[in-house]
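Q: Listed below are the residues making up each chain.
Number of protein chains: 4
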Amino acid sequence: MLVVMKNDATEAHVQAVVREIENLGYRGIPMPGAQRTAVCIIGNKGPVDDSRLLALDGVKETIVVTKPYKLVSRETHPESTIIAIGDVKIGGEKPVIMAGPCAVESEEQAFTIARLVKKCGALVFRGGAFKPRTSPYSFQGLGEEGLKILEKVHNEIGLLIVTEATDHTNIDVVEKYADIIQIGARNMQNYSLLRRAGQASKPILLKRGFAATIDELLMSAEYIMSEGNTQVILCERGIRTFSDNTRNTLDLSAIPSIKEVSHLPTVVDPSHAAGRREYVIPLSKGAIAVGADGLLVEVHHDPSHALSDGMQSLYPEQFARLMKEINNINR
Amino acid sequence: MLVVMKNDATEAHVQAVVREIENLGYRGIPMPGAQRTAVCIIGNKGPVDDSRLLALDGVKETIVVTKPYKLVSRETHPESTIIAIGDVKIGGEKPVIMAGPCAVESEEQAFTIARLVKKCGALVFRGGAFKPRTSPYSFQGLGEEGLKILEKVHNEIGLLIVTEATDHTNIDVVEKYADIIQIGARNMQNYSLLRRAGQASKPILLKRGFAATIDELLMSAEYIMSEGNTQVILCERGIRTFSDNTRNTLDLSAIPSIKEVSHLPTVVDPSHAAGRREYVIPLSKGAIAVGADGLLVEVHHDPSHALSDGMQSLYPEQFARLMKEINNINR
Amino acid sequence: MLVVMKNDATEAHVQAVVREIENLGYRGIPMPGAQRTAVCIIGNKGPVDDSRLLALDGVKETIVVTKPYKLVSRETHPESTIIAIGDVKIGGEKPVIMAGPCAVESEEQAFTIARLVKKCGALVFRGGAFKPRTSPYSFQGLGEEGLKILEKVHNEIGLLIVTEATDHTNIDVVEKYADIIQIGARNMQNYSLLRRAGQASKPILLKRGFAATIDELLMSAEYIMSEGNTQVILCERGIRTFSDNTRNTLDLSAIPSIKEVSHLPTVVDPSHAAGRREYVIPLSKGAIAVGADGLLVEVHHDPSHALSDGMQSLYPEQFARLMKEINNINR
Amino acid sequence: MLVVMKNDATEAHVQAVVREIENLGYRGIPMPGAQRTAVCIIGNKGPVDDSRLLALDGVKETIVVTKPYKLVSRETHPESTIIAIGDVKIGGEKPVIMAGPCAVESEEQAFTIARLVKKCGALVFRGGAFKPRTSPYSFQGLGEEGLKILEKVHNEIGLLIVTEATDHTNIDVVEKYADIIQIGARNMQNYSLLRRAGQASKPILLKRGFAATIDELLMSAEYIMSEGNTQVILCERGIRTFSDNTRNTLDLSAIPSIKEVSHLPTVVDPSHAAGRREYVIPLSKGAIAVGADGLLVEVHHDPSHALSDGMQSLYPEQFARLMKEINNINR
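These protein sequence lines are chains A, B, C and D, in that order. Numbering follows our numbering, with no gaps: position 102 of the first sequence is 102. Numbering follows our numbering, with no gaps: position 308 of the second sequence is 308. Numbering follows our numbering, with no gaps: position 233 of the third sequence is 233. Numbering follows our numbering, with no gaps: position 200 of the fourth sequence is 200.
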């Protein structure tokens, strides 16, 4: 249930509503909006008796929330959320391009790629320092050393940094160095990591699991938001199907589906879905055209010598072309 | 194998190559192109001894075709095929929009919708006269009566007609009335229908089966082409996956995948994939942006009273908006 | 709706009910059962006014059928159907094993394999004369010559014959020679073939499409039954999924799912699902244990020289072991 | 690579091989077998020069391991592994039945169900104390209180306990109370949890992710084994597909697929796959028949009042019937 406050309700009115909700045995979370504040009730299993709430000063009405998710729902927060980090606005007018290598390999590699993606117009640099790998014997990333390189990229090149935290240990250090903390597809239902992400001071980029429904993705975002972190960016990155022309099947219908029911900004990772660089430009154009708020793209100055996933990394000239072509797409 | 002729090779040279291929026990199919003619050898199971072919007048070289499909392959026909029907060019510069109701219900209904889609810029009118239905007890379409209405739409409104043939019987009459014969997703591997379509005098719009790989779609197109009909348009219409936010998952990566290996024009049906009209506009924009040569869209002047699939039919004003928005997409 | 007759109702009573249903504008199909006869009403779109039917002599009651399929439903026919062909009973106490090569290659090949499967206890011989092939250039079967070989196997070895009809043309000749007409997975929604199968004088073995739901399989069986052929055997043969350890994923839950809602006998084809002979014996045991009424198994005396799908054909000694092991399974 | 020792090789010989492997820059893990000891080399990226290893005393030969997983592979450990916990042998002659409620709700509930499953022949009691839940607002289990109840069940009823650890925190306490630590499907690629499980003193039951391939499941088991815990039981519990007759599609072909390439015991969870109790008995029979080493089954004395997933819990009389029927299945 949502308790919608009147336009002239004061902070004291809102606090009184929260206290009354706690008296009823639930939790009340204020959701300030552009037009009005609402207080979301969580923790109830069935209908809530709203008579005492409606009697409080400043309360306009109550609304039943029909979805299992609440804080991520457009019902509780009708305006689309814009996540602003410095000058960069994710969820705003212009799509935000996040680009870089699969893994940070060295300072030289990171700077080479960062300079070229910056020059083409990317605002965020991606690169893994902690890599979730199918095999225990594969390269697992440079760890904190990689994060320090990313921080240097941030400071010297002026790009925001998005990088993945893969567990409860490295999320502490990722939080310290990154501008956006990525939770990968395989961890989308790692609930203790989600709860920890909900306590982080940085925005979270949450990738859809490759076999997760849209509702499950939103429930995972709800885990993060229910801990207090409202800065969540969702990411479609392909799902597992029988189809074998791409590594995974990019589900671009996820974008209008999510935007219909949630206020959270949503970006697309065409590189991991395609698994082949040849398809990344057309899929990027498609993603922007369906309404994605940004892209997460793998770029490498020398893909054939990339430490991992070289097959899907764009060559610099391909990335330059991608940036030019998506500028022509009216969303 | 492909026997590539010299630029100055004559028709007699080509015929001599075809005869020699027949002497070797195979079939030879001439493939005229903008730059050169090639003769495709089909019917061989392993490598072909090309020494006698290379010795013939007018032969430039032989090329081994690496794919199981040959006539549909870009290896044998490097230029993209443009299918011209009157003034309409499918596969050319501009995407071609095919729009109309799921089923022809009456002359009045068809004309009402045809007029409105024509006004918005559609060049082809879609509408089923023979409907493949999951249940034997459902409305199966108006049959030939429906085709006559479509012919009247063609003559009086000036739209091309695409409509589905569902079996060996009704393809005869569909061929008579339609400008483009549609083979539906459930018939994509109905090989006797494909062979019959290969003997038709009209272009074929072949829909991808909802569990077919790209290779299987191309092999089905090869069935049609191997019978002599080179006018084949492919159509992505969504595949079956676990994902439940849409009826089927629209696989827009199919477009670059097909265009990489085949010269055939390819369109997208966002209506059947989405199953909900709310997603048709964004998915249409995405389809055009990834490079589709056209769209197949369901439109109804009164969706809530449509005889079938009303949930996915666009309202007239939505279709008008769709046409306007896709005009802004640079492919 | 189902009109249930009293135990002492006469044939004249039943005919009067059928006539009254026709007067109401629908079709009435008598469904004789062990205990009672019922008349199924088809062709209605909404509720039927049963007052005049209930007033007729011999009528006990009417029952609303809740499923989209009617004739295949256990609601209209509570007893499990047993299809008896000579001494062979499909759907009875003992599972019926149908075994043989993918394709009939020659009289010698067919007889060699038929003798060995007969010796091991198989009652039905399988072998394709008309093969639905992904490629137009692949071996498409021996055609009628193959059917004549199968007839000879029937006559001289004493096995029933199941073989596939792939279109409206060859079903005529398959009906003439075969004991059971197979409709393959790719034709599960070839409705004109289903209707023709519904007019056939022989039982139909209908395979589940590799992306068909159970409800769709039952609706396809309904097409056959609605034309008058009540002898339908269903077959699970694997579905398309992301999983790559087998060619298709054998869905053994299909057996209890079908038996819950339908009275039709259901068999399993482990060979096409597995795509590898190593898994055929365990999957056969699993199929019998979940309650399948039989198996369709590929066997070849010399798999490495089989004309098609040799990889999945059992060696003779493997088939002998399979027959021994499934005899130990209590269903 | 695998260094196979002679039958009469001593422990000192083995240790010398391990040291030499470390000198080469890799890790060497001894794998004692019934017939021979082998030392598995991990950490190499390409071929290993085995000349110095072959020269060591007690070394018989080296074998190249062709799979990405090594310790779980049957190549390195040809005999099937039997995990013995007290008298219970998982992977031996008889399938081991693990049964109990979805969640531990109270001491009374746990004891009621434990007594009934023990009486029917189950050897292991299942029940969740930490529940991974899609919604942050759902009941998340009794936590350590639940574990203490399980320990009491172990001590007073004499059943082994299997219960899930969902993160790095609760695995410490689960390890203390449980006999077998379960890693759930959603955590199959939670690599830090897998590494921690690899350091545990108790056997691990690792469930296949609902979109994981067999190779990925085995790679996750490799994570556990590479940390030193060789006691790993695998579990098939259904995969996500388009098919809607069950919650997930139980992939029984996983059993022969795993057993072909791995020596680890493998059990089946039919309850979570089916999502409906009606299908649990036939699927259990199927699982035993294909060769599963055991079952994980949900049972509740009062399913309609179960705290979660009541729809799939067996009634006591159904579980009694299941135990009787699987006793009749010859594997």
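Careful, some of the hints might be misleading.
Any copy, or any two copies together, can satisfy a pair, since identical chains are not distinguished.
[Unchecked claim] Dumping the calculated BS3-like pairs for lysine-lysine here, alpha-carbon to alpha-carbon at most 30 Å:
1. Lys324 x Lys89
2. Lys118 x Lys148
3. Lys45 x Lys119
4. Lys45 x Lys148
5. Lys45 x Lys259
6. Lys6 x Lys324
7. Lys6 x Lys94
Keep in mind that the hints were calculated from the coordinates and are not lab data.
Q: With reference to the structure, classify each hint as holding or not holding.
A: Hints, verified against the model:
Taking the shortest Cα distances, Lys324 and Lys89 sit within 30 Å of each other both inside one copy (20 Å) and across copies (28 Å). When the C-alpha separation of Lys118 and Lys148 is checked against a cutoff of 30 Å, the pair qualifies only within one copy, where the shortest distance is 19 Å, while the shortest distance between copies is 56 Å. With identical chains, the CA atoms of Lys45 and Lys119 are never at most 30 Å apart, being 52 Å at best within one copy and 36 Å at best between copies. Taking the closest pair of Cα atoms, Lys45 and Lys148 come within 30 Å of each other only across two copies (27 Å); inside a single copy the shortest separation is 45 Å, beyond that limit.
Proximity of Lys45 and Lys259 under a CA criterion of 30 Å is satisfied intra-copy only: 26 Å inside one chain copy versus 37 Å between copies. In this assembly of identical chains, the alpha carbons of Lys6 and Lys324 never lie at most 30 Å apart, being 46 Å within a copy and 39 Å across copies at closest. Within a single copy, Lys6 and Lys94 get their C-alpha atoms no closer than 32 Å, and across copies no closer than 52 Å, so neither meets the 30 Å cut-off.
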